[in-house]
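There are 2 protein chains.
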Amino acid sequence: MMKIGVIGGGQLGRMMALAGTPLGMNFAFLDPAPDACAQALGEHIRADYGDQDHLRQLADEVDLVTFEFESVPAETVAFLSQFVPVYPSAEALRIARDRWFEKSMFKALGIPTPEFADIQSQADLDAAVAAIGLPAVMKTRTLGYDGKGQKVLRKPEDVAGAFAELGSVPCILEGFVPFTGEVSLVAVRARDGETRFYPLVHNTHENGILRLSVASTDHPLQALAEDYVGRVLRELDYVGVLAFEFFEVDGGLKANEIAPRVHNSGHWTIEGAECSQFENHLRAVAGLPLGPTAKVGESAMLNFIGEVPPVDKVIAVADCHLHHYGKAFKAGRKVGHATLRCADRATLDRQIAAVEALIAKP
Amino acid sequence: MMKIGVIGGGQLGRMMALAGTPLGMNFAFLDPAPDACAQALGEHIRADYGDQDHLRQLADEVDLVTFEFESVPAETVAFLSQFVPVYPSAEALRIARDRWFEKSMFKALGIPTPEFADIQSQADLDAAVAAIGLPAVMKTRTLGYDGKGQKVLRKPEDVAGAFAELGSVPCILEGFVPFTGEVSLVAVRARDGETRFYPLVHNTHENGILRLSVASTDHPLQALAEDYVGRVLRELDYVGVLAFEFFEVDGGLKANEIAPRVHNSGHWTIEGAECSQFENHLRAVAGLPLGPTAKVGESAMLNFIGEVPPVDKVIAVADCHLHHYGKAFKAGRKVGHATLRCADRATLDRQIAAVEALIAKP
Numbered sequence: 000m001m002k003i004g005v006i007g008g009g010q011l012g013r014m015m016a017l018a019g020t021p022l023g024m025n026f027a028f029l030d031p032a033p034d035a036c037a038q039a040l041g042e043h044i045r046a047d048y049g050d051q052d053h054l055r056q057l058a059d060e061v062d063l064v065t066f067e068f069e070s071v072p073a074e075t076v077a078f079l080s081q082f083v084p085v086y087p088s089a090e091a092l093r094i095a096r097d098r099w100f101e102k103s104m105f106k107a108l109g110i111p112t113p114e115f116a117d118i119q120s121q122a123d124l125d126a127a128v129a130a131i132g133l134p135a136v137m138k139t140r141t142l143g144y145d146g147k148g149q150k151v152l153r154k155p156e157d158v159a160g161a162f163a164e165l166g167s168v169p170c171i172l173e174g175f176v177p178f179t180g181e182v183s184l185v186a187v188r189a190r191d192g193e194t195r196f197y198p199l200v201h202n203t204h205e206n207g208i209l210r211l212s213v214a215s216t217d218h219p220l221q222a223l224a225e226d227y228v229g230r231v232l233r234e235l236d237y238v239g240v241l242a243f244e245f246f247e248v249d250g251g252l253k254a255n256e257i258a259p260r261v262h263n264s265g266h267w268t269i270e271g272a273e274c275s276q277f278e279n280h281l282r283a284v285a286g287l288p289l290g291p292t293a294k295v296g297e298s299a300m301l302n303f304i305g306e307v308p309p310v311d312k313v314i315a316v317a318d319c320h321l322h323h324y325g326k327a328f329k330a331g332r333k334v335g336h337a338t339l340r341c342a343d344r345a346t347l348d349r350q351i352a353a354v355e356a357l358i359a360k361p
Numbered sequence: 000m001m002k003i004g005v006i007g008g009g010q011l012g013r014m015m016a017l018a019g020t021p022l023g024m025n026f027a028f029l030d031p032a033p034d035a036c037a038q039a040l041g042e043h044i045r046a047d048y049g050d051q052d053h054l055r056q057l058a059d060e061v062d063l064v065t066f067e068f069e070s071v072p073a074e075t076v077a078f079l080s081q082f083v084p085v086y087p088s089a090e091a092l093r094i095a096r097d098r099w100f101e102k103s104m105f106k107a108l109g110i111p112t113p114e115f116a117d118i119q120s121q122a123d124l125d126a127a128v129a130a131i132g133l134p135a136v137m138k139t140r141t142l143g144y145d146g147k148g149q150k151v152l153r154k155p156e157d158v159a160g161a162f163a164e165l166g167s168v169p170c171i172l173e174g175f176v177p178f179t180g181e182v183s184l185v186a187v188r189a190r191d192g193e194t195r196f197y198p199l200v201h202n203t204h205e206n207g208i209l210r211l212s213v214a215s216t217d218h219p220l221q222a223l224a225e226d227y228v229g230r231v232l233r234e235l236d237y238v239g240v241l242a243f244e245f246f247e248v249d250g251g252l253k254a255n256e257i258a259p260r261v262h263n264s265g266h267w268t269i270e271g272a273e274c275s276q277f278e279n280h281l282r283a284v285a286g287l288p289l290g291p292t293a294k295v296g297e298s299a300m301l302n303f304i305g306e307v308p309p310v311d312k313v314i315a316v317a318d319c320h321l322h323h324y325g326k327a328f329k330a331g332r333k334v335g336h337a338t339l340r341c342a343d344r345a346t347l348d349r350q351i352a353a354v355e356a357l358i359a360k361p
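The listed protein sequences derive, respectively, from chains A and B. The opening residue of the first sequence carries number 0 in numbering that gives the first Met the number 0; numbering runs sequentially from there. The opening residue of the second sequence carries number 0 in numbering that gives the first Met the number 0; numbering runs sequentially from there.
Calculated directly from the structure, the hints in this document are not laboratory data. Incorrect hints may have been included.
Where chains are identical, the list cannot tell them apart; a pair therefore holds if satisfied intra-copy or between any two copies.
Cross-link-like lysine-lysine pairs, in silico, DSSO-like; alpha carbons within 27 Å at most [what the hints assert, rightly or not]: (1) Lys-326 x Lys-2; (2) Lys-312 x Lys-2; (3) Lys-2 x Lys-329.
With the sequences and hints as input, model every part of the structure.
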């Protein structure tokens with residue numbers, strides 16, 4: 000029995016364990032939260048991410064370590080790597096958790112991005128705004144997620160004091176991109192370099208949080224996206240699942256960001272693809288053959304944010320599969336999702352509307 | 000969060016928890032085995048099935064109790080029922096765990112069965128053989144499974160001393176049925192009486208143990224099987240999943256036995272049906288709406304008995320989904336299964352052969 004160590008014990012770890020248990024894997028989650036929701040499915044090592052005693056305990060117990068979030072301190076990864084294989088690598092995490100490193104890598108690899116600039120001070124910001132223009136988006140280089148750690152700058156007044164407003168930490172400024180859509184590509188790369196891609200997903204955000212993902216069929220930008228993502232995977236000698244978010248602009252793609260882990264926009268794959276992103280991530284990090292990424296029917300994912308609608312109502316929608324994370328309900332928190340898997344697109348659109356009707360409007 | 004108590008913590012409990020966790024359910028398993036394989040997915044109350052202190056603890060912790068096997072002592076069920084809802088009912092278990100009660104119920108409901116007789120002594124056996132003829136099968140009334148607790152009587156010499164050979168316990172004698180196939184129907188009935196049926200499954204046994212189940216398409220006996228199973232479900236006011244095994248004889252069906260629980264011949268539903276037998280069982284006992292029982296593609300299940308073939312080889316078969324139970328390997332023990340879900344029957348047959356080629360021949 001292979002035992003997998005996961006840094007973080009939230010819903011991504013929980014779904015990883017649901018996918019890995021049938022492969023004969025056991026799980027240990029290191030997470031400081033007493034109510035980490037993955038603990039229902041494995042050992043919970045309750046400790047801070049910098050707690051070397053408990054990191055050592057984890058390393059001693061497991062065959063390999065992986066992550067459910069990218070903001071893990073670099074020291075944690077370096078420490079663990081002395082004792083146990085860690086996937087994805089320290090280098091992949093170093094790049095992915097810092098928007099400056101990330102965007103600079105895209106640029107070096109010839110992947111189009113919005114204009115961007117490194118911001119270490121208000122003076123840097125003023126200069127960058129002069130060069131890039133408004134509107135623009137200022138984001139902390141690290142630790143941002145779900146719309147947190149960013150500020151849209153529309154008018155000159157928004158710029159004054161913005162550096163202090165985001166905490167006087169290193170940031171980047173990104174030029175505004177008049178995008179027509181947001182898509183993401185979830186990819187998986189094995190230890191031997193074999194790479195597979197899921198179909199491109201259309202994403203809809205609300206208040207900076209992903210609300211709806213719809214898997215596409217024969218998307219005209221699939222090949223281009225695979226080309227871009229393949230460059231990054233090879234550059235990082237990446238192992239595991241990686242999600243790449245793009246803006247659709249003028250019939251092309253501009254890179255937004257990567258997540259070096261299983262990703263919310265890939266949750267539809269649990270029922271909607273032959274082999275889910277969770278199983279494929281585990282296959283990759285465990286050195287097992289990758290599974291098929293083809294769709295099973297037409298598929299979409301709706302996030303439940305703040306609360307899960309009544310379970311009986313959600314599962315009464317035909318074609319609907321509930322994923323309740325077992326977390327306490329709280330405004331703005333992702334607490335569950337529903338996957339829809341339908342025979343055709345018209346049915347899918349109807350069922351999306353049926354689930355949306357159950358979601359309480361704030 | 001609903002908490003489900005399960006009597007038994009083997010692979011059926013394990014797969015129940017894998018299906019119920021995404022519905023927001025937690026699990027507690029009462030099982031005396033220190034290595035009960037469901038414990039990876041819930042609380043393990045390690046106690047004998049007659050241990051009232053621990054049964055009381057279970058009842059206090061959970062919202063309802065269900066079972067993963069039918070040989071639970073009647074007293075256990077009666078004791079639990081004082082404190083917590085128990086599904087299926089004590090009466091359903093009483094009937095299903097005793098072959099005499101079971102066959103007598105079939106007869107009373109007009110469901111064809113092989114000829115059968117109650118055997119309380121060697122004299123009863125001699126008389127029954129005279130009436131029913133040979134060949135015939137002698138089975139203990141209770142506690143038999145996977146070919147255990149039974150003896151085929153072919154010649155008069157086989158009859159002498161057979162009652163003592165099976166332990167001088169109550170038995171039944173069943174006339175031999177020249178069947179052309181074995182099929183099972185997995186059904187689920189909700190608390191409000193709503194009933195759904197999965198497609199009939201063709202089963203192949205080897206040494207009394209199920210080896211291969213193939214889900215059928217438009218089976219000509221589907222309606223007849225549903226009629227028979229419906230009679231039993233209504234008679235028992237049944238709640239949950241029930242599996243009914245039949246012999247195919249002369250284009251009709253003769254009842255073999257029922258299992259008042261999720262069943263090995265329904266494991267293909269995890270990937271092969273819209274909503275699995277495990278999820279539907281939990282929906283039924285929890286008072287939630289039932290899920291669709293339609294097939295997703297063409298599907299089959301192969302048991303891994305004694306050992307699971309190398310994981311990397313199993314999952315390298317396209318369309319193959321591994322279910323490793325995390326149990327110690329041991330001859331004759333069910334330790335895992337593979338589900339195949341394919342676009343068409345020709346592919347399914349090819350992939351069945353591919354998985355069979357991985358199974359070590361004893």
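Indices of hints not satisfied (ascending): none
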